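Trainee: Put chain B on the given structure of chain A with help from the hints.
Here is how the chains run, residue by residue.
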Amino acid sequence: MVHRASTGVRSLAWLGGLFCAALPCPLRAQGGRVGYEAFTLPNGLRVVYSEDHSTPIVSVDLWYNAGSRNERAGRSGFAHLFEHMMFEGSAHVKKGEFFQLIQRAGGTLNGSTAEDRTTYYETVPSNRLNLALWLEADRMRSLAVTEENFHTQRETVKEERRLRVDNQPYSAAFLNGMTWPYDSTACFPYAHTVIGSMADLDAAQLGDVQAFFDAYYTPNNATLVVVGDFKPLELRRFVNQYFAGIASHAAPPPVTCDYKLSPGVVRREVQDAHANLPAVVRIYRVPPDADRDTPALELLKIILGQGESSRLNVTVVRRAKAALGAQVFMNPVESRRGPGTLVALAVANQGVGVEGLDTLVAAQLDSIRTGGVTPEELTKAKNTFRAGYIHTRETTLGRAEALHHYDMFHGSVAEINADLERYLAVTADDIRRVATRYLDPANAVVIVVRTVGQPDGRTGGP
Amino acid sequence: MVTALLLLSASPAVRLSALTAQDSFPSRPPKPTPLPPVRFPPFKETTLPNGLQLAVVEHHEQPVVSVALSFRAGAVYDPPGKEGLSELVAELLTKGSETRSADQIAATVEGVGGSLAASSDADFLTITADVLSDQVDLVFELLGDVTLHPSFPVGELELARTQALSALQVELSRPAAVAARFFAKEIYGDNPYGRSPTPESFKAVLRDDVVSFAAERLRPGGALLVVAGDVTEPQVRSLVDKAFPGWHGAPPAAPAPRPVPARTATDILLVHRPGSTQANIVLGNPTILPTDPLYYPARVATQVLGGGADSRLFLILREQKSWTYGAYANLRRYRGVGYWQASAEVRSDVTDSALTELLRQVDRVRTEAIPDSELASTKGFLVGSFPLTIETPSQVASQVANAKLLGLGDDYLRLYRERLAAVTAPQARAAAARLDLNPKAAAVSLDTAQFVPHSDSLRVLIQGNPVGGSLSTLRHTADSLVYSERSDLGPVFQQQTTVVLDPSDGSPRLLDQVTVQQGQKAETHLKYAEARVKGRIAVPQQDGTVRQFDIDTVLPPGTLDENTVPVVVPAFPLAPGKTFTVGFFSPSERVTKPLTFKVATPERVSVPAGVFQAYHIGVSGARVPLIIWVSVDTPRRVVKTEVVGQPFVVELVK
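The listed protein sequences correspond, in order, to chains A and B.
Each position in the first sequence, counted from 1, maps to that position plus 118 in the numbering used here.
Each position in the second sequence, counted from 1, maps to that position plus 673 in the numbering used here.
Just chain A, with the same shape it has in the complex (with noise of 0.2 angstroms):
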């Protein structure tokens, strides 16, 4: 992210599709249906729109297909530097300038970085539709950077790392964990952190961010969407003028990835010298978002972790008092083309020792291999993932993003308003068998996060 949002923050991990045919909904919205209309510039430039009048803003969320997975080695943190770089300036918008435009016209903007993408929107009231296109079009068409620009994000981003991995508890063990189940010769795009190292950041050149926006940053390398108050004449009219100028680029070179399943339990652990309790942490390769197993990987990701009646949450947390909490996800930063990771996560109790609550956590995530899901958890699993798809859809960056997931991920924007129907199919022994087949122990990092020393004046406080 380039700056710390002031309104919310992005859920963590996209949850998926659903058709309203299965509730009794209104027929306006129709349950989180997505209506879209599609267009292609020649420059090969997607554009994707939804109209939705109901308030008077609209929010254009620009994706490249560019992510830390196009890193090299020895730039690791750089697509995330380069999106700082983005803000900084470009031929007809001076450094500062595309903040405070966006901000006098009583809008909101951020961008992020994940493995996959980097992201830029803006969500501004609808008579704004045009300057945040003119903004966008611009820093692609003409982006500006000096030495001492370059400089200063660089010294940034050191800072956002520091405030969010190296001063913060179990963080750098959460995110550099993510990386340890691939491998970083055969899969070197999945086995380093998007912030990147600090000796990776300093040794990046201004040279660096040139090619990377001549390799990346191409109209025929992105996807424009825009959702809300708008008249889809205007809006192409906007396009055509603003972006229809830039010219496309080779595309870039290919991303790859080798793996293998269950190559054999690797543990790891860390000492964290700012964690006050011990941790573990259990990661899993799971396949690229569009496999056909992920949506029985969803949905067994909420019977395991997600709510108070989550497996986790009743046996770890509840009935053994062995952990503050206990929780699952897919994919945290965001989903992926290639292979990700389902993560366990579970801080113990004062006085719980770190071993015995990951025995707890493991004989969990094994009961589901042995022993399957009752029907009632597969309700509640579906219900709750319905419930979260028309909550992520209720605003326009919402939808923004809904567009972008399934045109990115999924290789089709059809998808969106189809996807639901392979979740609904889902059976307990589709859980059972995506169960066996990934929380395999083989398949597993499994990471101890240690307290270093002892909890001298910091346990105190006011």
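Treat the hints as calculated values from the structure; they're not laboratory data.
Check each hint, because a few of them may be wrong.
[Unchecked claim] Restricting the straight-line Cα-Cα distance to at most 25 angstroms, the calculated cross-link-like pairs of lysine to any residue (SDA-like) are: (1) Lys213(A) <-> Glu992(B); (2) Lys213(A) <-> Ser1180(B); (3) Lys1207(B) <-> Gly1250(B).
[Said to hold, decoys possible] From the structure, some residues in chain A lie toward chain B, with a derived Cβ separation under 10 angstroms: (4) Ile175; (5) Ala209; (6) Leu219; (7) Gly224; (8) Ser230; (9) Val242; (10) Arg259; (11) Thr270; (12) Arg282; (13) Ser315; (14) Lys439; (15) Val470; (16) Gly471; (17) Gly474; (18) Thr514; (19) Arg551.
Remember, it's a predicted structure, so these values are computed and weren't measured experimentally.
Ideal Cβ placement from N, Cα and C applies to all residues, glycine included.
Mentor: Just chain B, lined up with the frame of chain A:
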């Protein structure tokens, strides 16, 4: 590659095609297109016979319903030594009723994809539920059950306590949370807003405490239920009737508000956290009540200082200096006295520079007028972004709840944007100055022997020529001291002031003032009580109009009224070489200002009333610097006043 070569020049590097193509790309940002009017979505509100306030926001776009039931039962009502009680009550509400176990409640609501939970913040305990609209009956049934029949099982209390103690350990490992705890304690002292739970306070909570807190505070009187989404108002009325049968109870007791501590200087508190790679800097102080109209100019000032990515702190500390990922300022409203803060996380080796810069920027916003373009930009964001905050029913509901819970008035949501748009640069600066309830001032203990009834006649000279006069009297009543002053400078300026003071310490009780300036009459009536000043202030403007201001704001202890300077300064413990800094509330500026009085060796002063041996007292911090001469002999009185650098003198005639 040609493109690459062009780009190496480190100037705006236009893609080659854009230079050569038939390019209609505008070089200036496009102008706004017409904006349809933005209306706050309609909502229906009623107060039920049992005192419960109900607000319904109908919104049928998506099949979702969100419910929030708020009580005046936040952490400020925790008994001392049992901090965390409110938090535990909230946790336990959904952990068992007379007919359902915790597991049953969770499985029931989550089984339909919904959620039901309670949480507590500083002022309120809120039970929230989110559900798809086809399950709204079920969620109301559960909401009624957990509200009316919680069973607070002992085992659940012990589990909640274990969880709370561990959660506290995790909280104390996060630098921002540690900073926030120290900051709150430091600025609020013993005021309830300054307290945080500790392991000891969590351990001190008994089941009886939980039961009685719930019985005393979770009542329909004074509570607010907001239901938003795909429901109708009649439907909600019937759901409420069914879910809360026979529910009654008067509003819970409201303890008297506690004053917030005053400070004599900027305090810097260092908290050592071993192994930190950054320093978290938080600075600020307690501010105003939520209903104070000062909120609007203060909101603008805070936004200019650090509201976002185009605000001063961000642009300077991050974009110029690259010391931090972000530096921000915000204004937090509580039901009682809120606070403002500026904060940044900076790498450790620039901590001192960053702190110096933060203080400098705070000072700028308090002392310099905001340039027009910056003010326009800031108001553009504050006013223009409003529709972004009312996109979903739950966002609308939280706006409605905020306005009602903080008592912001029925017209708050309607007039919010208008009031922000009306803020001027001098108002924002004055607000920033007033927000700083941290003047380097200390209460002075007055020599009440100097409060001797008397009448003074004074004359006003400009460039040595008498232009008018003033009559003042000080008298005692049964329990007060009354100071009145009548000034007459001809048709230009006439003023009648009466101040009632506490004879034991000179603090003001009432102020009534009528001013006639250039024919315009303005009346000010203020009441000072319990560390607050309330009333109406009228200020004649340059353009001949009179502006009215309603005021209700908190004052640091020991604050005096600026109109009483001639009464209270002679009662200071005057002695050559002494300096006093005292907070004075200036009604005309609506600001509490620290005035500094520097006492020099007595000298002979000749005025029409005679020749006096008088202390020479230099006054700074007022609108203009002054010199006041106060006679040495008891009863002391002001014999002469001079405006430094201007030919304006007031002398005692008799």
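Trainee: Please list, smallest to largest, the hint numbers that this structure does not respect.
Mentor: 2, 3, 8, 13, 16, 17 and 19
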